[in-house]
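Participant: Now for the letters of each chain:
Number of protein chains: 2
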Amino acid sequence: MSKKKRPLILVTNDDGVSAPGISCLTDIMREIGDVLVVAPDKPQSGMGHAITVSQPLRLQRIHTHGNYRKYTCSGTPVDCVKLAINKIICGKPDLLVAGINHGSNSSINIIYSGTMSAAMEGAIEGIPSIGFSLLDYESDANFKPSEPYIKKIAENVLKYGLSEGVCLNVNIPKENGDKIKGVKICRQAKANWDDDYVENYDPHKRPYYWLTGVFANQDEGTDTDEWALKHNYISVVPAHFDFTDHQMISLIKKWKLNA
Amino acid sequence: MSKKKRPLILVTNDDGVSAPGISCLTDIMREIGDVLVVAPDKPQSGMGHAITVSQPLRLQRIHTHGNYRKYTCSGTPVDCVKLAINKIICGKPDLLVAGINHGSNSSINIIYSGTMSAAMEGAIEGIPSIGFSLLDYESDANFKPSEPYIKKIAENVLKYGLSEGVCLNVNIPKENGDKIKGVKICRQAKANWDDDYVENYDPHKRPYYWLTGVFANQDEGTDTDEWALKHNYISVVPAHFDFTDHQMISLIKKWKLNA
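Here the protein sequences line up with chains A and B, keeping their order.
The first sequence maps to residues 285 to 543 in my numbering.
The second sequence maps to residues 285 to 543 in my numbering.
Same shape as in the complex, but just chain A (with noise of 0.2 Å):
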């Protein structure tokens, strides 16, 4: 009697192999499938879809336990997506999870976010993809609540796949309290980052800037992100990497650039 084969799993996030989300998201795997960590050896927070050309990147093996496997690599996470398929694997996984992420990646925060951005790779190589981020920066985040849901989410992805060139975004609450009361499909909402900079001297008298924000949420619409969130709710935003405005073409069309 043959024995179902179980998927093979690829782990990475941004905030690097030692994040305590990491952890996490691989012993929830480990429950559905045969685990390959390749995370970055160091946090990559805010990288987005950076990749190394310039400079030769790193891999090291750390752990291996029966169909457990861990890898640092000293890139982006991009890269560490990139590596794992090319050198390690030697083909594609048939899931691909990021995270989990420690702070939102939710509407804007999806273009900055090195978690996303793998996630976005991995569907650029036509592997099912997701990123999970759970609403809270601290190191000793609790994930527990988020648990069940995200391995409904990765085994419901596993069984039905994704369009291709999707990947998902999905963001987790923080329980303060309210207890997360289920899942939303939603559309990324409008929103940007009110940007200032700290500005200081080191101890050399030479001036400094650090980036801070405020987060600014400008959409309404119930059916955000930002909206299920607020509410409790998991968000979960399938996202694609055609940049195309079709809308503007044709209004581009009418201009005189050809005159």
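Since the hints were made in silico from the structure, they are not lab data.
For clarity, every value in this text was computed on a predicted model and none was experimentally measured.
Some hints could be false.
Note: identical chains are not told apart, hence a pair may lie in one copy or across any two.
[Said to hold, decoys possible] List of simulated lysine-lysine pairs, BS3-like, C-alpha gap at most 30 Å:
no., residue 1, residue 2
1, 540, 428
2, 537, 326
3, 463, 371
4, 538, 458
5, 538, 474
6, 289, 540
Here the structure of chain A is known, so what remains is to put chain B in place on it, guided by the hints.
Facilitator: This is chain B only, laid out in the frame that chain A set:
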């Protein structure tokens, strides 16, 4: 009699302040308006939408001549845009241009490109923004044939504006005997990179991996940027930052995620 106010144009790139491409773009923009250059102090290719959050940033004024100012920044292209707005202009420029990039940012390259991420950050901030790239990686690339087109596109954007949340991804073919035929307004072609890694050992006998790859266009559409460039047209793709895949929303709603 009041003189018509010249527009303020912010210029940046990802190849760094010393790249010939940004000098060419700066010269073209000085014919149109007052120019502020804020560019990375070193090459930042492939940085995608990375921002610097864990490190302080440095900003240095290196040139002032009338209504032309030039700064270097220690961060990424997106950092340059954020710092220019927050700490130099303390407001918004009338136009943001990034480039001229040494090498293509067509189709999927938009996601890895620091140049296009600078333009996208401009769009997030509500600034009419354009990224320009020439399909020539050489440092002695000939930007001359593209100059009248770049000027015309920038003038049109200043005149007509862009829809909210949209920037332009402009790619320019390298003239190989054949002249540029004109401008096509396009959608982003479906393409990817067949990645590979050169594997070798450093002088200390430790293995390293260096990213390389072959570009693979899978899109035969004649309305794509790849088609336009192949046929010696300049491609203009209007690009936005709403990643939502609206079609997939209804599909996932049928899953039993709340059961």
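Participant: Is it within, between, both, or neither for residue 463 and residue 371, if the alpha carbons may be no more than 30 Å apart?
Facilitator: neither (42 Å within a copy, 42 Å between copies)
Participant: Can you give me the call for residue 538 and residue 458, within, between, both or neither, at a CA distance of at most 30 Å?
Facilitator: between (48 Å within a copy, 26 Å between copies)
Participant: How would you classify residue 538 and residue 474 at a CA-CA limit of 30 Å: within, between, both, or neither?
Facilitator: both (28 Å within a copy, 25 Å between copies)
Participant: Can you give me the call for residue 540 and residue 428, within, between, both or neither, at a CA distance of at most 30 Å?
Facilitator: between (58 Å within a copy, 21 Å between copies)
Participant: With identical chains treated as interchangeable, where does the CA-CA distance between residue 289 and residue 540 reach 30 Å or less: within a copy, between copies, both, or neither?
Facilitator: Between copies only: 24 Å across, 59 Å inside.
Participant: Reference check for the pair residue 537 and residue 326, CA-CA at most 30 Å: within, between, both, or neither?
Facilitator: neither (46 Å within a copy, 37 Å between copies)
Going down the numbered hints, you'll see the structure goes against 2, 3, while the others check out.
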